[in-house]
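Colleague: Sequence:
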Amino acid sequence: MAFRDDIAPEKFEFPQGNDNTKKLCDIIEESSVSVKYYLSTTYLETLRRHKARHMAKGNGFGYEVRPLSGIAGAIVCGGMGRERNLIVDDRLTDFTPVTHIKGEVNREGIRKMTPREWARLQGFPDTYILPLADTHLYKQLGNSVTVPVISAIAEKIKEVLMNV
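Using our numbering, read the sequence shown as starting at 2 and increasing by one per residue.
There may be inaccurate statements among the hints.
Cut-off 20 Å, straight-line C-alpha distance, at most; resulting in silico cross-link-like pairs (EDC-like, lysine to aspartate or glutamate) [said to hold, decoys possible]: (1) K23 <-> D90; (2) K23 <-> E65; (3) K37 <-> E65; (4) K52 <-> E109; (5) K157 <-> E14; (6) K52 <-> E31.
If you're looking for bench data, these hints aren't it; they were derived computationally from the structure.
Put together the whole structure using the sequences plus the hints.
Modeller: Here it is in C-alpha coordinates:
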(Lines of atoms letter the chains of each structure in order from A and count residues from 1; the text may use other names and numbers.)
(Lines give C-alpha, C1' and ligand atoms only; values in the text may rest on other atoms or scores of the structure.)
Protein backbone atom coordinates (compact mmCIF):
# COMPACT_ATOMS: atom_id res chain seq x y z
CA MET A 1 0.00 0.00 0.00
CA ALA A 2 1.38 3.41 -0.88
CA PHE A 3 1.90 5.59 2.17
CA ARG A 4 4.33 8.46 2.47
CA ASP A 5 7.48 7.48 4.34
CA ASP A 6 6.49 9.68 7.31
CA ILE A 7 3.18 7.84 7.84
CA ALA A 8 4.63 4.48 8.88
CA PRO A 9 3.80 2.33 5.84
CA GLU A 10 5.06 -0.77 7.64
CA LYS A 11 1.98 -0.64 9.89
CA PHE A 12 -0.45 -1.38 7.06
CA GLU A 13 -1.70 -4.96 6.82
CA PHE A 14 -4.05 -6.14 4.13
CA PRO A 15 -7.34 -7.42 5.53
CA GLN A 16 -7.83 -11.14 5.89
CA GLY A 17 -10.35 -12.90 3.70
CA ASN A 18 -13.62 -14.18 5.06
CA ASP A 19 -16.03 -17.02 4.40
CA ASN A 20 -18.75 -14.77 3.03
CA THR A 21 -18.94 -16.80 -0.18
CA LYS A 22 -22.12 -16.27 -2.13
CA LYS A 23 -23.55 -19.08 -4.20
CA LEU A 24 -25.27 -18.31 -7.46
CA CYS A 25 -28.62 -19.26 -5.92
CA ASP A 26 -28.06 -16.39 -3.43
CA ILE A 27 -27.76 -13.72 -6.11
CA ILE A 28 -30.06 -14.72 -8.98
CA GLU A 29 -33.18 -12.70 -9.62
CA GLU A 30 -36.15 -13.76 -7.51
CA SER A 31 -38.50 -13.85 -10.45
CA SER A 32 -38.11 -14.88 -14.07
CA VAL A 33 -35.92 -12.59 -16.17
CA SER A 34 -36.49 -11.31 -19.68
CA VAL A 35 -36.13 -13.77 -22.52
CA LYS A 36 -33.36 -11.52 -23.89
CA TYR A 37 -30.92 -13.09 -21.40
CA TYR A 38 -31.53 -16.60 -22.74
CA LEU A 39 -29.16 -17.88 -25.42
CA SER A 40 -30.43 -18.75 -28.86
CA THR A 41 -30.12 -22.33 -30.03
CA THR A 42 -27.78 -21.17 -32.79
CA TYR A 43 -25.47 -19.31 -30.42
CA LEU A 44 -25.45 -22.19 -27.95
CA GLU A 45 -24.48 -24.62 -30.72
CA THR A 46 -21.73 -22.22 -31.83
CA LEU A 47 -20.35 -22.17 -28.27
CA ARG A 48 -20.43 -25.97 -28.09
CA ARG A 49 -18.57 -26.35 -31.40
CA HIS A 50 -16.03 -23.70 -30.44
CA LYS A 51 -15.38 -25.40 -27.09
CA ALA A 52 -14.99 -28.80 -28.77
CA ARG A 53 -12.45 -27.39 -31.26
CA HIS A 54 -10.40 -25.85 -28.47
CA MET A 55 -10.57 -28.98 -26.32
CA ALA A 56 -9.32 -31.05 -29.27
CA LYS A 57 -6.31 -28.71 -29.45
CA GLY A 58 -5.71 -28.98 -25.71
CA ASN A 59 -6.78 -25.40 -25.00
CA GLY A 60 -8.88 -24.37 -22.04
CA PHE A 61 -11.37 -22.13 -23.83
CA GLY A 62 -14.99 -22.71 -23.26
CA TYR A 63 -18.30 -21.50 -22.09
CA GLU A 64 -19.39 -22.83 -18.74
CA VAL A 65 -22.84 -23.51 -17.38
CA ARG A 66 -22.48 -23.18 -13.64
CA PRO A 67 -24.74 -24.90 -11.13
CA LEU A 68 -26.86 -22.59 -9.00
CA SER A 69 -25.47 -24.37 -5.93
CA GLY A 70 -21.95 -23.35 -6.98
CA ILE A 71 -20.05 -20.10 -7.17
CA ALA A 72 -19.52 -17.81 -10.14
CA GLY A 73 -16.31 -17.62 -12.06
CA ALA A 74 -14.40 -14.40 -12.50
CA ILE A 75 -16.58 -11.54 -13.65
CA VAL A 76 -14.72 -10.02 -16.58
CA CYS A 77 -15.66 -7.87 -19.53
CA GLY A 78 -14.72 -9.17 -22.93
CA GLY A 79 -13.01 -12.44 -23.68
CA MET A 80 -16.11 -14.57 -23.18
CA GLY A 81 -16.70 -13.19 -19.67
CA ARG A 82 -20.46 -13.57 -19.86
CA GLU A 83 -20.26 -17.02 -21.39
CA ARG A 84 -18.12 -18.34 -18.53
CA ASN A 85 -20.93 -17.71 -16.08
CA LEU A 86 -23.98 -19.15 -17.79
CA ILE A 87 -26.69 -20.60 -15.59
CA VAL A 88 -29.73 -22.81 -16.05
CA ASP A 89 -32.91 -20.99 -15.18
CA ASP A 90 -35.97 -22.99 -16.14
CA ARG A 91 -38.56 -20.45 -15.01
CA LEU A 92 -39.05 -18.94 -18.48
CA THR A 93 -42.49 -19.66 -19.93
CA ASP A 94 -42.66 -17.35 -22.96
CA PHE A 95 -39.91 -18.21 -25.45
CA THR A 96 -40.84 -15.45 -27.91
CA PRO A 97 -37.65 -13.50 -28.68
CA VAL A 98 -37.70 -9.80 -27.81
CA THR A 99 -34.52 -9.07 -29.76
CA HIS A 100 -33.30 -10.19 -33.18
CA ILE A 101 -31.61 -13.58 -32.75
CA LYS A 102 -30.52 -16.37 -35.03
CA GLY A 103 -32.48 -19.51 -34.29
CA GLU A 104 -34.90 -19.93 -31.42
CA VAL A 105 -34.55 -19.33 -27.71
CA ASN A 106 -33.03 -22.47 -26.20
CA ARG A 107 -35.41 -24.71 -24.24
CA GLU A 108 -32.66 -25.90 -21.89
CA GLY A 109 -33.04 -22.71 -19.84
CA ILE A 110 -29.43 -21.64 -20.40
CA ARG A 111 -28.98 -17.93 -19.95
CA LYS A 112 -26.38 -15.32 -19.20
CA MET A 113 -26.53 -13.56 -15.88
CA THR A 114 -28.20 -10.16 -15.74
CA PRO A 115 -26.30 -6.97 -14.95
CA ARG A 116 -28.08 -6.88 -11.56
CA GLU A 117 -26.79 -10.38 -10.79
CA TRP A 118 -23.27 -9.29 -11.77
CA ALA A 119 -23.66 -6.23 -9.52
CA ARG A 120 -24.66 -8.48 -6.62
CA LEU A 121 -21.59 -10.64 -7.21
CA GLN A 122 -19.44 -7.50 -7.06
CA GLY A 123 -21.04 -6.52 -3.75
CA PHE A 124 -23.26 -3.68 -4.95
CA PRO A 125 -26.52 -3.39 -2.99
CA ASP A 126 -29.82 -3.80 -4.79
CA THR A 127 -30.50 -0.12 -4.08
CA TYR A 128 -27.59 0.79 -6.37
CA ILE A 129 -29.12 2.15 -9.57
CA LEU A 130 -27.91 0.61 -12.82
CA PRO A 131 -28.82 3.40 -15.27
CA LEU A 132 -27.01 2.26 -18.42
CA ALA A 133 -27.64 -0.20 -21.22
CA ASP A 134 -26.70 -3.80 -20.43
CA THR A 135 -23.63 -3.73 -22.69
CA HIS A 136 -22.14 -0.81 -20.77
CA LEU A 137 -23.07 -2.33 -17.42
CA TYR A 138 -21.35 -5.62 -18.23
CA LYS A 139 -18.19 -3.68 -19.14
CA GLN A 140 -18.29 -1.54 -16.02
CA LEU A 141 -19.08 -4.41 -13.67
CA GLY A 142 -16.48 -6.61 -15.33
CA ASN A 143 -13.87 -3.91 -14.74
CA SER A 144 -15.08 -3.23 -11.20
CA VAL A 145 -13.34 -4.23 -8.01
CA THR A 146 -15.57 -5.99 -5.52
CA VAL A 147 -17.11 -3.42 -3.18
CA PRO A 148 -16.55 -5.34 0.10
CA VAL A 149 -12.85 -5.77 -0.76
CA ILE A 150 -12.38 -2.04 -1.34
CA SER A 151 -14.30 -1.30 1.85
CA ALA A 152 -12.10 -3.65 3.89
CA ILE A 153 -8.90 -2.13 2.47
CA ALA A 154 -10.20 1.38 3.16
CA GLU A 155 -10.89 0.42 6.78
CA LYS A 156 -7.31 -0.85 7.18
CA ILE A 157 -5.95 2.38 5.67
CA LYS A 158 -8.14 4.37 8.05
CA GLU A 159 -6.78 2.38 11.02
CA VAL A 160 -3.21 3.26 10.06
CA LEU A 161 -4.01 6.94 9.52
CA MET A 162 -5.94 7.22 12.80
CA ASN A 163 -2.99 5.79 14.74
CA VAL A 164 -0.25 7.98 13.26
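Colleague: Now, for every hint given, state plainly whether the structure supports it.
Modeller: Okay, the hints, checked on the actual structure:
Between K23 and D90 the CA atoms are separated by roughly 18 Å; this keeps the pair inside 20 Å, and the hint holds. Between K23 and E65, the direct Cα distance comes to roughly 18 Å. Compliance with the 20 Å bound is thereby established for this hinted pair. Note on K37 and E65: the hinted pairing holds, with a Cα-Cα distance of about 19 Å set against a maximum of 20 Å. The straight-line distance between the Cα atoms of K52 and E109 is roughly 18 Å, inside the 20 Å bound, and the hint therefore holds.
Taking the CA atoms of K157 and E14, the gap is about 7 Å. The hint holds against a cut of 20 Å. Under the criterion of a C-alpha separation no larger than 20 Å, the hint pairing K52 with E31 is inconsistent with the structure, at around 31 Å.
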